[in-house]
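Fit chain V to the known structure of chain E by using the hints.
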Amino acid sequence: MNTNVTKNKFVDAWIAEMVELVKPENIVLIDGSNEQAEALRAEACSTGEIIKLNERELPNCYLHRTAINDVARVENRTFICTSKKEDAGNINNWMDPKECYAKLSKLYDGSYKGRTMYVIPYSMSVVGSPFAKYGIELTDSIYVVLNMLIMTRVGLNVLEALGDSADFIKGLHARADICEEQRYICHFPEDNTIWSVNSGYGGNVLLGKKCFALRIASYLGRKEGWMAEHMLILGVESPDGDVKYISAAFPSACCKTNLAMLIPPELYRKQGYKVWCVGDDIAWLRVGEDGRLWAVNPENGFFGVAPGTNEHSNPNALHTAMKDCIFTNVCHDLDNNTVWWEGLNDNPPANALNWKGEKWDYKTYDKKDKVNTSGAHPNSRFTALAAN
Amino acid sequence: MASETTAAAAGAVGVVRRDPMAMRPFVGYDMGDYWAHWLNMGKVIKNAPKIFHVNWFRTDDEGHFIWPGFGDNMRVLMWILARCEGKVDAVETPIGYVPNAEDINVEGLDIDTATIKELLSVDMDLWLEDCKAIREFYAQVGDRVPAELYAELEALEERLAK
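The listed protein sequences correspond, in order, to chains E and V.
Oh and the first sequence: position 49 is 49 in this note's numbering, straight run, nothing missing.
Oh and the second sequence: position 27 is 1027 in this note's numbering, straight run, nothing missing.
Pulled out of the complex, with its shape left as it was, chain E reads as follows (with noise of 0.2 Å):
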């Protein structure tokens, strides 16, 4: 198998590694091309990974379902591997990195058999900038390319900004059997690598997001003088025009989305306030030469849990996923095939299908077992451009 997919050495070296470890049946490199892309949707559509919506209410929407024991990142089941543990800290769970690497080794080897193995090369940051890191994801999922297309810039234009350079982050991303008890996602910061097996969900396998942008980027800021933190930024600009920026950490779920895509009250409104959403989540920052700290959001969309998103709660949310959208463990209404969520509005769907697949009757849903009894699972996401 021809493993020299990108003509940069260092890549292809370690490409042709993880070929031998995961044995694909073929290799395909993502170029960030929208015929590529809807080619690999149509893949998707047949084999039943993800399922296309209406066309007319919620173009280019698709919905996917993960396994009913992969719906949430696994705190207790996500690594630091630094060569002290001491480096890692009594917080983070450690693992020795020869020991895990061994470990993982038997979880991947041909993990990949009869799959294509996808190249993902993205950047976190707009490609170019000073604030941009590059990375290459290899997966085995068309759901994982699909999300990475969405949340970060991913394309041959990476590839030429890396140039020949070794500067980039490695991850390794393989379903292998989605078994909880074999799931593991790891980092290695003194090798630039995260590796992910055995989950198919969010910010386990979408390895730009909290694995790099957040603990690979915040060991690197420690080490290169720059931040990396779990913050929304959100732009104001007051009626003369002057514009300012804040940023907040808020934890997962505690509504960092909805702050960043605030609509004002009236009364702020017709005096001529903006307020806009740079990011929702991750917040890079650096020192500018004016002394003042500058950030970006490395991402480019939006992850964000769908339950409890409606036209009150985040109208521009809700907009920005009616189209080219990506929704992962909602409620599927087969009336009009379109999707619904607890909290999206008052009509749950008469003739549904809940998050694991079942026969759905809203009347059974029960507030004290959210997980057994929504339609949508508290967890369940949209996945969104931020250009839209």
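Because the hints were derived from the structure by calculation, they are not lab data.
C-beta: ideal position from N, C-alpha, C; glycine also.
Just so you know, not all the hints are guaranteed correct.
[To be verified] DSS-like, lysine-lysine: derived pairs with alpha carbons at most 27 Å apart:
(1) V:K1087 - E:K270
(2) V:K1043 - E:K274
(3) E:K223 - V:K1043
(4) E:K244 - V:K1043
(5) V:K1132 - E:K223
(6) E:K244 - V:K1046
(7) V:K1087 - E:K223
(8) E:K274 - V:K1050
(9) E:K244 - V:K1162
[Unchecked claim] Take a look, some chain E residues computed to stay more than 10 Å from chain V by CB distance:
(10) E25
(11) R222
(12) N314
Just chain V now, with coordinates in the frame of chain E:
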């Protein structure tokens, strides 16, 4: 900062745990070293931004959120911006400076100044309890917690105890 766990990560939901800068699951190295990095950056940034702490989620006795949130959070952002520009003063409390209740614009809201006062109130006993939890957390983080953080904690406890 402490916050309740959510469905974003597998496990029990609603458990209060310490989550400094919301980075608890995301720091790629030792948490004590991470705090030291913040302090070092603070020395390097000539014009550092101001830092504010918010709690959108205070509840009444029946567990309902007191503050409407969503777009109305802009009222708090506006106070923050005014404070950064020196256009509004603040009340000194043991936990730091909080707004004068009258300076939170409630025009168009079904909320009165008394409720704002309640939202801004500092419960000394609860905070002293929380200081114990902070101390436990520092112990858990280990021996790389910067001395400055312990100094701040002691100063906070002294102010609360008065």
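Cross-check of the supplied hints:
1. V:K1087 - E:K270: The hint holds at about 21 Å.
2. V:K1043 - E:K274: With a Cα-Cα distance of about 33 Å, the restraint between K1043 of chain V and K274 of chain E is violated, given a limit of 27 Å.
3. E:K223 - V:K1043: Roughly 16 Å between the alpha carbons, so the hint for K223 of chain E and K1043 of chain V holds.
4. E:K244 - V:K1043: holds, 23 Å
5. V:K1132 - E:K223: violated, 32 Å
6. E:K244 - V:K1046: holds, 18 Å
7. V:K1087 - E:K223: violated, 38 Å
8. E:K274 - V:K1050: Between K274 of chain E and K1050 of chain V the Cα gap is close to 21 Å, so the pair holds against 27 Å.
9. E:K244 - V:K1162: Cα-Cα ~38 Å, so violated.
10. E25: Given that every Cβ of chain V is farther than 10 Å from that of E25 of chain E, nearest at about 32 Å, it holds.
11. R222: At about 5 Å from chain V, R222 of chain E fails to clear the 10 Å cut-off, so the statement is violated.
12. N314: violated, 8 Å
This entry does not satisfy hints 2, 5, 7, 9, 11 and 12, going by the numbered hints stated previously.
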